[in-house]
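Those protein sequence lines, which keep their order, are chains G and B.
Reading the first sequence from the start, the letters are residues 18 to 131 in this note's numbering.
Reading the second sequence from the start, the letters are residues 202 to 313 in this note's numbering.
Be aware that a few hints might be false.
DEER-style ranges, computed between Cβ atoms [claimed, not checked]:
#, chain 1, residue 1, chain 2, residue 2, range
1, B, Gly-242, G, His-90, 22 to 30 Å
2, B, Lys-273, G, Leu-28, 38 to 46 Å
3, B, Thr-219, G, Asn-35, 48 to 56 Å
4, B, Glu-271, G, Pro-78, 32 to 40 Å
5, G, Met-19, B, Asp-280, 24 to 32 Å
6, G, Lys-87, B, Lys-269, 18 to 26 Å
7, B, Val-254, G, Glu-34, 44 to 52 Å
8, B, Lys-273, G, Pro-78, 28 to 36 Å
9, G, Met-19, B, Val-254, 23 to 31 Å
10, G, Asp-43, B, Glu-259, 25 to 33 Å
11, B, Gly-242, G, Ile-77, 22 to 30 Å
12, G, Leu-37, B, Asp-256, 44 to 52 Å
13, G, Arg-26, B, Ser-308, 16 to 24 Å
Listed next, the in silico PhoX-like pairs over lysine-lysine satisfying Cα-Cα at most 25 Å (straight line) [stated by the list, open to error]:
#, chain 1, residue 1, chain 2, residue 2
14, B, Lys-300, B, Lys-257
15, B, Lys-258, B, Lys-273
16, B, Lys-300, B, Lys-273
17, B, Lys-300, G, Lys-79
18, G, Lys-86, B, Lys-300
19, B, Lys-272, B, Lys-258
20, G, Lys-87, B, Lys-300
21, B, Lys-273, B, Lys-257
22, B, Lys-258, B, Lys-269
23, G, Lys-20, B, Lys-300
24, B, Lys-257, B, Lys-272
25, G, Lys-99, G, Lys-79
I should point out that these hints are in silico values taken from the structure, not numbers from a laboratory.
Cβ coordinates follow ideal geometry from the N, Cα and C atoms, glycine included.
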Amino acid sequence: DMKVTQMPRYLIKRMGENVLLECGQDMSHETMYWYRQDPGLGLQLIYISYDVDSNSEGDIPKGYRVSRKKREHFSLILDSAKTNQTSVYFCASSSHGESSYEQYFGPGTRLTVL
Amino acid sequence: QQQVRQSPQSLTVWEGETAILNCSYENSAFDYFPWYQQFPGEGPALLISILSVSDKKEDGRFTIFFNKREKKLSLHIADSQPGDSATYFCAASEGMGYKLTFGTGTSLLVDP
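One chain only, chain G, in its complex shape (with noise of 0.2 Å):
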């Protein structure tokens, strides 16, 4: 069964707190992406992964970093809380192979940056 997984679903912090969001996927696929979704904006790449260890900055990286020692894992991680870090943060992951583009999304995490 393919799936994408993130923990934890909710989270609140206070401004400045470190926040860990993890992500897993069972499709052993080489690309993993991180996204958040703010109203009226769509969803906005953060980070993507091409592999482990080998990780590349999206459209609105600043504020984030991320992780990926394994390939069924990609974390991301927000150094010091900001309020306007508040969304829904979604992983992806895809494999490019010869006829498939299709990432596959995780039901994402509502996080509340107080």
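Start from chain G and add chain B according to the hints.
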């Protein structure tokens, strides 16, 4: 700037009608256009996609019409069902690559 634009922002149709969702883009290098469907509380899921070499793609009740010259595409949902009520995102990428640029979405409500 918003490279992928969607309209309308929200749309209500009656059950059985055809819903038409519009998308336009600015980057001529975009050549892969997926549409994602998202239900409340869930992540987006791929619904249907088209490559710029085609002008039409059908999958059951869902059809993409693509106009490369005008940089526009549309998603037609025939015989709309209440279960189609969701937010639909148009996206685009270059060279069928990894980085998708998403539009802001169209929220569709199908009234029974």
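Verification of the hints:
The given range of 22 to 30 Å is respected by Gly-242 of chain B and His-90 of chain G, whose C-beta atoms sit roughly 24 Å from each other. The beta-carbon spacing between Lys-273 of chain B and Leu-28 of chain G, approximately 39 Å, falls within the hinted interval of 38 to 46 Å. Distance hint check for Thr-219 of chain B and Asn-35 of chain G: the Cβ-Cβ separation is about 49 Å, which falls inside the suggested range of 48 to 56 Å. Under the hint 32 to 40 Å, the C-beta atoms of Glu-271 of chain B and Pro-78 of chain G, about 33 Å apart, fit the expected range.
Range check, Met-19 of chain G to Asp-280 of chain B: about 28 Å between beta-carbon atoms, so the 24 to 32 Å window is met. Remark: the range hint 18 to 26 Å for Lys-87 of chain G to Lys-269 of chain B is contradicted by a beta-carbon distance near 41 Å. Judged by the Cβ atoms, the range 44 to 52 Å given for Val-254 of chain B and Glu-34 of chain G holds: they are separated by roughly 49 Å. Between Lys-273 of chain B and Pro-78 of chain G, the C-beta spacing of about 31 Å keeps the proposed range 28 to 36 Å intact.
Checked against the given bound of 23 to 31 Å, the beta carbons of Met-19 of chain G and Val-254 of chain B, roughly 28 Å apart, stay inside it. Separation of Asp-43 of chain G from Glu-259 of chain B is about 31 Å and conforms to the stated range, judged on CB atoms against 25 to 33 Å. The hinted window of 22 to 30 Å between Gly-242 of chain B and Ile-77 of chain G holds, with their beta carbons roughly 23 Å apart. In this structure the supplied range 44 to 52 Å holds for Leu-37 of chain G paired with Asp-256 of chain B, their Cβ-Cβ distance being about 46 Å.
In this structure the supplied range 16 to 24 Å holds for Arg-26 of chain G paired with Ser-308 of chain B, their Cβ-Cβ distance being about 22 Å. For a cut-off of 25 Å, the pair hint linking Lys-300 of chain B to Lys-257 of chain B stands: about 23 Å separates their Cα positions. Of the supplied pair hints, the one linking Lys-258 of chain B and Lys-273 of chain B holds, its CA atoms being roughly 14 Å apart against a limit of 25 Å. Between Lys-300 of chain B and Lys-273 of chain B the alpha-carbon distance is near 20 Å, which keeps this suggested pair within the 25 Å criterion.
Straight-line distance between C-alpha atoms of Lys-300 of chain B and Lys-79 of chain G comes to about 17 Å, which keeps the hinted pair within the 25 Å bound. Only pairs whose Cα atoms come within 25 Å are accepted, and Lys-86 of chain G paired with Lys-300 of chain B is accepted, the gap being roughly 21 Å. Between Lys-272 of chain B and Lys-258 of chain B, the direct Cα distance comes to roughly 16 Å. Compliance with the 25 Å bound is thereby established for this hinted pair. In summary, the hint linking Lys-87 of chain G to Lys-300 of chain B is supported, as the alpha carbons are separated by about 21 Å, within the 25 Å threshold.
For the suggested pair Lys-273 of chain B and Lys-257 of chain B, the alpha carbons sit about 12 Å apart, so the restraint of at most 25 Å is met. Between Lys-258 of chain B and Lys-269 of chain B the alpha-carbon distance is near 14 Å, which keeps this suggested pair within the 25 Å criterion. As the CA atoms of Lys-20 of chain G and Lys-300 of chain B are separated by approximately 21 Å, the hinted pair is consistent with the 25 Å bound. Restraint check for Lys-257 of chain B and Lys-272 of chain B: satisfied, since their Cα atoms lie roughly 14 Å apart, inside the 25 Å limit.
Taking the CA atoms of Lys-99 of chain G and Lys-79 of chain G, the gap is about 11 Å. The hint holds against a cut of 25 Å.
The structure fails hint 6 only (numbered hints given earlier).
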